[in-house]
Amino acid sequence: MKLVSIFTSCLLLSMVSVCGGQNYPVYNAVYANPFLYNPATAANEETTLFVHHRQQWVGVQGAPVISAFSINSLIENRRYGLGVKVSSFQRGLLSTSDVSFAYAYGIPLNKTSQLYFGMSVGAITNTLDINNASDPNDPAFANYQDNNLQASGSFGVMYKSNNGLSFGLALPQLFAPSFLNQSFATFTPQPFDQAIASLGYRRKLEGKLATKKIRGMKTRVKGKEMVAPLEFYVLYRYAAYQESQFEIASKLNLTQSFWLGASYRQNYGIIGSAGFRMNRLSLGYFYELGSQPEAGFSQGSHEVFASLRLGEIKKFKRPAPVLRSTLVTAKTTQHHARFQNEADDPEKLLNAAAPPESKKVYYVVVRSFGEFPAADVYKNKLIAEKYNADIYYSPKDRKYHVHIYNTSKSSEAYEEVRNLKNYTKLKDARVLVVETETKK
1 MKLVSIFTSC LLLSMVSVCG GQNYPVYNAV YANPFLYNPA TAANEETTLF
51 VHHRQQWVGV QGAPVISAFS INSLIENRRY GLGVKVSSFQ RGLLSTSDVS
101 FAYAYGIPLN KTSQLYFGMS VGAITNTLDI NNASDPNDPA FANYQDNNLQ
151 ASGSFGVMYK SNNGLSFGLA LPQLFAPSFL NQSFATFTPQ PFDQAIASLG
201 YRRKLEGKLA TKKIRGMKTR VKGKEMVAPL EFYVLYRYAA YQESQFEIAS
251 KLNLTQSFWL GASYRQNYGI IGSAGFRMNR LSLGYFYELG SQPEAGFSQG
301 SHEVFASLRL GEIKKFKRPA PVLRSTLVTA KTTQHHARFQ NEADDPEKLL
351 NAAAPPESKK VYYVVVRSFG EFPAADVYKN KLIAEKYNAD IYYSPKDRKY
401 HVHIYNTSKS SEAYEEVRNL KNYTKLKDAR VLVVETETKK
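The sequence shown: position 84 = 84 (the working numbering), numbered continuously.
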């Protein structure tokens, strides 16, 4: 007990003395939840609820224990996101609780990348377990109790690209609270005394297109989105009043449901991790063997997290593109010489006996009907909304398909469908592939 008491007191003094350099918790799962340190990531496309717990130096009384809860999300079809984070940081006699609310706003740089700015504000409280102190009457404890409720805040910037690359910079203590130094005097660090820079690569792969027959008609269907097998992350923690620290991490997605990871933290050691995902639920575990005050002093450090994705993936609002289905098309008129007969054209006479050639036409269909009158009414409604609507009757399924665009290029048709779903109310738009026969 005497050894434990001495260790606890030393731990408290060390925390008090270095808090001007780095007083925020250090998590291993920052690449799973970067919102823990950068408020700019509040505008995440997935609404995700995270729960973290970290036990350092298991088996040692008074060792640091960190618990955190967070939820953040991009607002649907907007450029901003909101987030909430609650954390508890216990070390020795000192316990710190933090509650913060974050707001992030994104600026589209081009069609595939955006730049986010975020800020969080909240309050931080510090409580001291004087009853377990060796000298409860120490005046330093009284001074600390006078500063147990203060404002907290952070600021961050994050660049994200659809190719998987991200770069961030965060100031974790924008409104830095006051602490006690080794002389038990009040010390207030400045916002730029601490910073976290991050670089990451996590690429999402679009689902592959496959042709399926739906009610007798060929339709192109996209599969589920996937994550690339390899992910890489680099973090650099700058501290003005203690040694700065860099960290590198890699993650191997063996499948879309199971992953393994490893990271190295400067002057700290190697960290192993593993996790799995099942539908909307994800679990992760981290183990640190070498992060001990002395070899064999504890059973290592452990960290776990659980996340739950809520709702559907949100879409970032971008400038609306020009829809091909709303462009004014001029009908071409063929002029023929007076009394000219098409059958007299020698070239056409030669090609008349040629076998028919198969050709694919891609229709951007908005809705299908079993009766012509209903299809005609809907077509006229779309025309009134400035769409180039028309009707295609399919003998295969005996339906009247109202379409607003057709082309011989599949890329144009699928791009138009994506734009219609993202920027208009026509969420049911799809591509209908029709094979026609034309004479050579």
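By construction, these hints were calculated from the structure, which means they are not laboratory data. Only a predicted model underlies this, so the values are computations on that prediction, with no experimental measurement involved. For each residue, glycine too, the CB sits at the ideal point set by N, CA and C. Watch out, some of these pointers could steer you wrong.
[Said to hold, decoys possible] Quick list of in silico lysine-lysine cross-link-like pairs, BS3-like style, CA-CA up to 27 Å:
1) 425 / 409
2) 409 / 399
3) 421 / 381
4) 427 / 315
[As the list claims (entries may be wrong)] Across the chosen pairs, the derived CB separations fall in these ranges:
5) 311 / 110: 24 to 30 Å
6) 274 / 246: 35 to 41 Å
7) 436 / 234: 34 to 40 Å
8) 321 / 191: 37 to 43 Å
9) 269 / 308: 27 to 33 Å
Next item on the list: For the range 24 to 30 Å, tell me whether the beta carbons of residue 311 and residue 110 fit it or not.
Entry: Distance hint for residue 311, residue 110 holds at roughly 27 Å.
### Supplied distance hint 37 to 43 Å, evaluated on CB atoms of residue 321 and residue 191
holds (40 Å)
- Task: Sort out whether residue 315 lies within 27 Å of residue 427, counting only the CA atoms.
- Result: With a Cα-Cα distance of about 13 Å, the restraint between residue 427 and residue 315 holds, given a limit of 27 Å.
Consistency of beta-carbon spacing, residue 234 to residue 436, with hint 34 to 40 Å = violated (54 Å)
**OP:** Hint says 35 to 41 Å; check whether the CB-CB distance for residue 274 and residue 246 agrees.
**Re:** For residue 274 and residue 246 the Cβ distance comes to about 23 Å; the hint is violated.
Does the alpha-carbon distance linking residue 425 and residue 409 stay inside the 27 Å limit? Roughly 24 Å between the alpha carbons, so the hint for residue 425 and residue 409 holds.
Has the hinted range 27 to 33 Å been met by the Cβ atoms of residue 269 and residue 308? Check passed, 31 Å falls within 27 to 33 Å.
27 Å Cα cutoff - pair residue 421, residue 381
Holds, because 18 Å separates the two Cα atoms, which is no more than 27 Å.
Decide if the proposed pair is consistent with the structure: residue 409 and residue 399, CA atoms, cutoff 27 Å inclusive.
Cα-Cα ~23 Å, so holds.
In the structure shown, a violation is registered for the earlier hints numbered 6, 7, in ascending order.
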